[in-house]
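Participant: Chain by chain, the residues:
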Amino acid sequence: MNVSGCDDVLLVKGAHSFLLVASVRKDFPLCIETSHEEYYQGVHAGDLVVVSAPEAGPVEPALMLLELVRTYHLPLVVLPRDHPGSKRIPYVVSVAPVIQTSCSIERGTHPEQHLVCSSDELAGLTVSRTGRDITISPLPATLTREWVKSMEHR
Amino acid sequence: MCSVGGPTDIDLPEDRVVAKDYRCKECGERFKGIGKHPMCPSCQSEDVAEI
Chain V
1 MNVSGCDDVL LVKGAHSFLL VASVRKDFPL CIETSHEEYY QGVHAGDLVV VSAPEAGPVE
61 PALMLLELVR TYHLPLVVLP RDHPGSKRIP YVVSVAPVIQ TSCSIERGTH PEQHLVCSSD
121 ELAGLTVSRT GRDITISPLP ATLTREWVKS MEHR
Chain A
155 MCSVGGPTDI DLPEDRVVAK DYRCKECGER FKGIGKHPMC PSCQSEDVAE I
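Residue numbers (this note's numbering), protein chains in the order written: chain V, 1 to 154; chain A, 155 to 205.
No lab work stands behind these hints: they were computed from the structure.
Derived pair list, reagent style EDC-like, types lysine to aspartate or glutamate, alpha-carbon separation capped at 20 Å:
no., chain 1, residue 1, chain 2, residue 2
1, A, Lys186, V, Glu37
2, V, Lys13, V, Glu60
3, A, Lys190, A, Glu180
4, V, Lys13, V, Asp120
5, A, Lys186, A, Glu204
6, A, Lys179, V, Asp27
7, A, Lys174, V, Glu33
8, A, Lys190, A, Glu200
9, V, Lys26, A, Asp201
10, A, Lys179, A, Asp201
11, V, Lys87, V, Glu33
12, A, Lys186, V, Asp27
13, V, Lys13, V, Glu146
14, A, Lys174, V, Glu37
15, A, Lys186, V, Glu38
16, V, Lys26, V, Glu67
17, A, Lys179, A, Glu204
18, A, Lys190, V, Glu37
19, V, Lys26, A, Glu200
20, A, Lys190, V, Glu38
21, A, Lys190, V, Asp27
22, A, Lys174, V, Glu38
23, A, Lys190, V, Glu33
24, A, Lys186, V, Glu33
When you get a sec, could you build the whole thing from the sequences and use the hints?
Facilitator: This is the structure we're talking about:
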């Protein structure tokens with residue numbers, strides 16, 4: 001499915017979870033902070049930012065998170081496995097030209113594989129961009145999509 | 155960014171991260187880059203060399 005209208009944010013909803021998808025507007029180095037190291041990933045205009053809410057919750061904080069990364073280029077902070085704070089994080093973020101959703105990411109996965117954690121119902125999607133279109137493939141009939149205004153346009 | 159083991163666990167297994175050391179040819183900044191198009195965090199130049 002192709003969706004046009006890249007000035008705003010695409011909301012893909014299932015019954016119990018959602019994704020936000022938006023395009024990056026300009027190039028920037030994305031900083032990724034871990035407990036031991038600092039990495040930089042080159043992000044380019046047209047790349048995608050996906051915020052996944054595997055357990056749903058309100059959309060507005062996810063929109064804020066999206067803009068903190070896309071517009072304000074805040075670093076991503078990565079918690080080590082089994083960190084006690086992990087269970088309090090309702091949203092996860094991925095930034096890449098093509099992003100795949102998965103509910104069963106295996107150990108050993110690394111950022112270059114462009115995966116973002118999702119719920120079961122949103123797993124198996126590939127999100128990409130062609131021109132001004134955002135492509136989601138496949139898009140099961142159980143999911144809905146709509147454009148929502150970014151925080152900048154509210 | 156990937157997530158492992160559950161819907162809200164965030165994990166970046168550093169022993170498997172394919173990061174390379176780069177030096178920016180424009181400003182001399184050294185950094186660890188991931189992905190196909192490393193970019194200098196200091197001046198945002200893509201004119202970088204692997205070291």
